[in-house]
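Student: Starting from the given sequences, assemble the full structure and let the hints guide the process.
Note that the protein sequences, when read in sequence, are chains X and A. Per our numbering, residue 375 is the first one in the first sequence, and the count goes up by one each step. Per our numbering, residue 162 is the first one in the second sequence, and the count goes up by one each step.
Because the hints were derived from the structure by calculation, they are not lab data. Note that the structure is a prediction, hence the values are computed from the model and not measured. One or more hints might be untrue.
[Stated by the list, open to error] BS3-like mimics (lysine-lysine), calculated; alpha carbons at most 30 Å apart, straight line:
(1) Lys192(A) / Lys635(X)
(2) Lys189(A) / Lys287(A)
(3) Lys189(A) / Lys310(A)
(4) Lys250(A) / Lys635(X)
(5) Lys287(A) / Lys635(X)
(6) Lys406(A) / Lys207(A)
(7) Lys390(A) / Lys310(A)
(8) Lys434(A) / Lys242(A)
(9) Lys242(A) / Lys635(X)
(10) Lys391(A) / Lys434(A)
(11) Lys192(A) / Lys207(A)
(12) Lys410(X) / Lys406(A)
(13) Lys401(A) / Lys390(A)
(14) Lys434(A) / Lys390(A)
(15) Lys401(A) / Lys434(A)
(16) Lys401(A) / Lys207(A)
(17) Lys434(A) / Lys189(A)
(18) Lys250(A) / Lys410(X)
(19) Lys287(A) / Lys310(A)
(20) Lys287(A) / Lys410(X)
(21) Lys189(A) / Lys635(X)
(22) Lys406(A) / Lys390(A)
(23) Lys597(X) / Lys441(X)
(24) Lys390(A) / Lys192(A)
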Amino acid sequence: MINQSLSLPNNEEITTAPNGHRLLSLGRHMTLLIEKQAIIRNVWLLILLAIACVATLGMGSMPISPKEVIAVLFGHGNVMSQFIVHDLRLPRLLAAIFTGAAFSLAGCLMQTMARNRLATPGIIGIDNAAMAFAVSSVVGMGVSLAPSAMALAGAATATALAFGLAGGSGTRGYRFIVAGIGIGAIAGAVTQLLLSQVSIDVANSAYPWTVGSLSARDPMMVKVLGIGLGTCLVACLFLASQFALMPFSDQVITGLGANIKHIRIIALVLCITLTGLAVAVAGPVGLVALVGPEIARVLARYRGIPLISSALTGALVMILADLFGRTVLSPIELPVGIVTAVIGGPYLIWILVRRTSRTSL
Amino acid sequence: MTATSLQFKQTSEINNLARLGAERLTLKHGKASIIENLDVSLPEGKVTAIVGPNGCGKSTVLNGLSRVHSPSSGVVLLDGKDIHSLPSKEVARRLALLPQDTLAPDGITIEELIRFGRHPHQSLLKQWAMDDQQAINYALNAADLEGLKDRLLDTLSGGQRQRAWIAMSIAQETPLLLLDEPTSALDLGHQIEVFELIRNLSRQGKTLAMVVHDLPSACRYSDHIIAMKKGEIITQGSPKEVMTKELVRELYGVECDLIPDPMTGSPILINMKRVRS
Numbered sequence: 375m376i377n378q379s380l381s382l383p384n385n386e387e388i389t390t391a392p393n394g395h396r397l398l399s400l401g402r403h404m405t406l407l408i409e410k411q412a413i414i415r416n417v418w419l420l421i422l423l424a425i426a427c428v429a430t431l432g433m434g435s436m437p438i439s440p441k442e443v444i445a446v447l448f449g450h451g452n453v454m455s456q457f458i459v460h461d462l463r464l465p466r467l468l469a470a471i472f473t474g475a476a477f478s479l480a481g482c483l484m485q486t487m488a489r490n491r492l493a494t495p496g497i498i499g500i501d502n503a504a505m506a507f508a509v510s511s512v513v514g515m516g517v518s519l520a521p522s523a524m525a526l527a528g529a530a531t532a533t534a535l536a537f538g539l540a541g542g543s544g545t546r547g548y549r550f551i552v553a554g555i556g557i558g559a560i561a562g563a564v565t566q567l568l569l570s571q572v573s574i575d576v577a578n579s580a581y582p583w584t585v586g587s588l589s590a591r592d593p594m595m596v597k598v599l600g601i602g603l604g605t606c607l608v609a610c611l612f613l614a615s616q617f618a619l620m621p622f623s624d625q626v627i628t629g630l631g632a633n634i635k636h637i638r639i640i641a642l643v644l645c646i647t648l649t650g651l652a653v654a655v656a657g658p659v660g661l662v663a664l665v666g667p668e669i670a671r672v673l674a675r676y677r678g679i680p681l682i683s684s685a686l687t688g689a690l691v692m693i694l695a696d697l698f699g700r701t702v703l704s705p706i707e708l709p710v711g712i713v714t715a716v717i718g719g720p721y722l723i724w725i726l727v728r729r730t731s732r733t734s735l
Numbered sequence: 162m163t164a165t166s167l168q169f170k171q172t173s174e175i176n177n178l179a180r181l182g183a184e185r186l187t188l189k190h191g192k193a194s195i196i197e198n199l200d201v202s203l204p205e206g207k208v209t210a211i212v213g214p215n216g217c218g219k220s221t222v223l224n225g226l227s228r229v230h231s232p233s234s235g236v237v238l239l240d241g242k243d244i245h246s247l248p249s250k251e252v253a254r255r256l257a258l259l260p261q262d263t264l265a266p267d268g269i270t271i272e273e274l275i276r277f278g279r280h281p282h283q284s285l286l287k288q289w290a291m292d293d294q295q296a297i298n299y300a301l302n303a304a305d306l307e308g309l310k311d312r313l314l315d316t317l318s319g320g321q322r323q324r325a326w327i328a329m330s331i332a333q334e335t336p337l338l339l340l341d342e343p344t345s346a347l348d349l350g351h352q353i354e355v356f357e358l359i360r361n362l363s364r365q366g367k368t369l370a371m372v373v374h375d376l377p378s379a380c381r382y383s384d385h386i387i388a389m390k391k392g393e394i395i396t397q398g399s400p401k402e403v404m405t406k407e408l409v410r411e412l413y414g415v416e417c418d419l420i421p422d423p424m425t426g427s428p429i430l431i432n433m434k435r436v437r438s
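Tutor: The structure is reproduced here in structure tokens:
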């Protein structure tokens with residue numbers, strides 16, 4: 375095929391991509407600009423993710439060698455390994471990848487919208503509300519009433535309330551966060567109240583919802599989350615150039631021709647969907663939404679909005695936290711929500727303290 | 162008196178073809194009206210300075226004209242059409258706004274900042290083209306930032322940073338450019354640097370409007386002055402016509418004398434004294 379640039383008039387120079395970018399021509403009028411550093415970063419994260427996956431599938435009470443794991447994944451290996459990998463460990467691994475990526479992507483989106491890195495779905499009460507709704511369905515109306523769907527409804531309710539209470543200031547600034555913290559506190563209290571009113575057996579069955587665990591996942595919900603996550607990731611790719619404007623002031627964003635209200639609503643819908651579906655699978659593991667984007671930003675050297683990297687780091691954090699929880703005190707299993715809090719918390723504090731000079735996001 | 166005054170006369174006669182203006186515009190903050198029933202238009206191809214005391218609604222007018230602030234009633238017309246009925250990207254290809262608040266993404270270089278000015282010209286499947294590259298090179302050149310293009314925005318001096326923001330608007334390649342206090346917080350040298358850049362842009366045919374606090378600079382660097390007080394336009398016209406002792410007293414409660422600058426003929430304020438207006 376003839377290079378398109380040859381057909382340009384002679385007096386024009388050839389289009390070159392800006393520093394650190396690669397230009398993809400898809401025809402004379404179609405061009406994609408790709409940031410090299412982001413590609414390299416995400417490929418590395420994918421490699422790490424693949425390694426973590428193989429390790430996770432191999433580790434447990436019945437260890438399987440990485441070679442055997444890979445063989446099983448490509449359809450070979452012995453029956454026993456196949457059963458353990460495919461039927462026991464893979465569903466849990468997928469749940470970890472999906473929930474980690476969903477929490478982390480939601481966190482990055484909301485932090486970007488609110489221009490504040492405290493503003494993650496967990497902190498502004500979406501997790502707690504989703505949990506309260508799910509628990510209410512477990513303890514109050516019987517498991518048949520789909521706690522997963524209730525979790526999604528809870529996420530939407532909390533966001534709508536926070537949004538409504540914050541009033542004219544929209545998703546920007548502390549009003550939204552403070553309103554959300556209040557809603558989260560109420561939702562947490564409601565959960566405790568519900569649990570205190572029921573028999574110990576019922577409370578026990580609701581327990582995984584309150585700490586965040588991958589052991590009680592609903593296979594159907596994992597599929598739904600997978601589809602939701604995929605859709606949201608594609609939406610993020612389409613909207614990346616608009617999200618990139620968010621660190622500017624509202625006036626600049628409007629001045630550059632972006633519709634700030636639309637972008638915010640879309641981002642909020644994405645956040646609710648991702649968080650609600652993720653809570654429906656794993657309960658509130660909200661710390662991933664703080665830690666994931668933070669690691670992604672460090673890797674991106676605090677440039678741009680690392681949405682895809684956030685999803686990948688979130689998945690990685692979730693896999694490792696679950697692996698740790700499963701193996702470190704084996705046969706006792708630590709819920710993943712507790713592991714992320716115990717390990718993620720200090721790490722997050724370390725990152726925040728180390729980077730005090732970069733406070734704008 | 163000189164070539165300058167002649168030039169001013171011509172401008173106020175010729176230009177009635179405004180591309181941007183507002184009719185019976187009312188803008189509110191919550192329930193409080195800042196601007197009521199305002200008619201305003203920007204003379205084409207000229208630099209308009211909007212002056213007035215703090216809180217008179219200058220910036221609000223600029224935000225209204227640039228569709229950042231939606232009107233409670235009335236209409237802002239861009240090329241004869243309601244600005245809010247046009248697609249935002251379409252407006253952004255004709256009208257650029259440089260607000261006072263200059264929040265920027267972390268770790269951004271000058272060139273990256275200027276690249277954001279190309280946003281209205283780009284789309285999902287047209288992310289980078291020849292015209293983007295040319296516009297950015299042109300903007301870097303016009304704002305004299307070629308040597309600094311890879312520097313981080315936060316490492317620049319105030320004047321350089323302001324030039325970078327203006328360069329972003331230049332890269333937007335709009336015939337209209339609105340600037341909200343482009344020289345506030347700059348020292349004298351940087352102020353003049355920015356004003357001269359604005360004059361240059363006007364010479365190339367752009368229509369500019371700026372909110373300015375410094376009256377002598379407003380007179381020196383604009384073709385048209387709009388004087389506002391309490392949300393209303395008190396008077397407007399060429400600096401020579403408009404700038405009088407009475408106006409300064411009316412706007413700011415300051416008694417002064419005006420003398421023409423011996424070099425340029427534009428009015429200079431001397432012997433200023435605060436009085437109760």
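Student: Determine which of the earlier numbered hints do not hold for this structure and return their numbers in increasing order.
Tutor: When the structure is compared with the hints, numbers 2, 3, 7, 8, 11, 12 and 17 turn out to be violated.
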